[in-house]
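Colleague: Protein chains in written order, with our numbering: chain A, 1 to 65; chain B, 1 to 135.
None of these hints come from the bench; they were simulated from the model. The structure presented is a predicted model; accordingly, all values stated were derived computationally and were not measured. Note that CB positions come from ideal geometry on N, CA and C, so glycine has one too. Heads up, a few of these hints could be off.
[Stated by the list, open to error] Stretches of chain B that chain A covers, calculated by requiring three or more beta carbons in the stretch to come under 8 Å of a beta carbon on chain A:
hint	region
1	62–68
2	120–131
[Said to hold, decoys possible] Every beta carbon over 10 Å from chain B, so not counted as near; a handful from chain A, in silico:
hint	residue
3	Ala49
4	Phe52
5	Ile59
6	Pro62
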Amino acid sequence: MKNRLPQLRDKHGWSQGDLAERLEVSRQTVNAIETGKYDPSLPLAFRIAKLFRLSIETIFEPGKD
Amino acid sequence: MTRLTMRQYRYQLFAWMAVYVALMLLEWPQVRHVESLPLKVVLALLPVLPMIAVLWLIARRVMSSDELEQRLYLLALSVATGILCALSLIGGFLAASHVIELGGDVLIWVFPLLSLCYGASHRWVSRRYGYSSCE
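I would like the entire structure built from these sequences, with the hints used as guidance.
Modeller: See the structure below:
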């Protein structure tokens with residue numbers, strides 16, 4: 001799954017650690033999501049969407065698989 | 001539940017393991033020389049207490065971790081349990097067929113072996129997610 005998390009984070013001037021703190025997850029989990037190594041659960045995806053005030057599909061888009 | 005940082009976790013783990021090692025070195029050798037059965041039982045089981053504290057510490061860390069961390073713990077534990085089950089079966093069958101002799105004290109090694117396998121498999125599983133187990 002692809003995502004726009006790095007761009008959105010940069011837009012807000014947040015580091016991975018800042019975003020992790022706001023989402024109450026570890027920095028490494030944010031990194032794993034950003035690099036596409038881990039797809040977040042639906043509740044976490046909703047938390048991310050709520051934080052950026054966007055819809056989930058604006059942030060995440062399905063990959064080729 | 002308050003999130004335990006790796007530093008806090010390691011500090012507390014080290015403290016409890018130090019208690020365990022101290023008990024094993026100082027108290028455990030006395031067990032065989034004690035006559036009274038209740039005292040023998042107490043002395044024999046005393047090292048279990050710091051290990052229960054370690055298990056509680058691990059449970060706290062797992063419960064306060066996020067979803068990816070919990071997935072990594074589960075995967076690592078599954079791999080470690082699989083290895084331990086395979087080794088137990090191998091040892092059990094060899095002992096049952098009298099190829100090797102295993103005493104009851106071999107059970108003391110189950111937890112350390114599980115921890116060892118868990119540590120190795122956690123590193124391996126974490127790498128798949130670009131995760132460092134040290135942070």
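Colleague: Against each hint, give a clear statement of whether it holds in the structure.
Modeller: Right, here's what the structure says about each hint:
| no. | hint | result |
| --- | --- | --- |
| 1 | 62–68 | holds (count 4) |
| 2 | 120–131 | holds (count 4) |
| 3 | Ala49 | 16 Å, holds |
| 4 | Phe52 | 18 Å, holds |
| 5 | Ile59 | 17 Å, holds |
| 6 | Pro62 | 19 Å, holds |
Consistency with the previously given hints is maintained throughout, with no hint failing.
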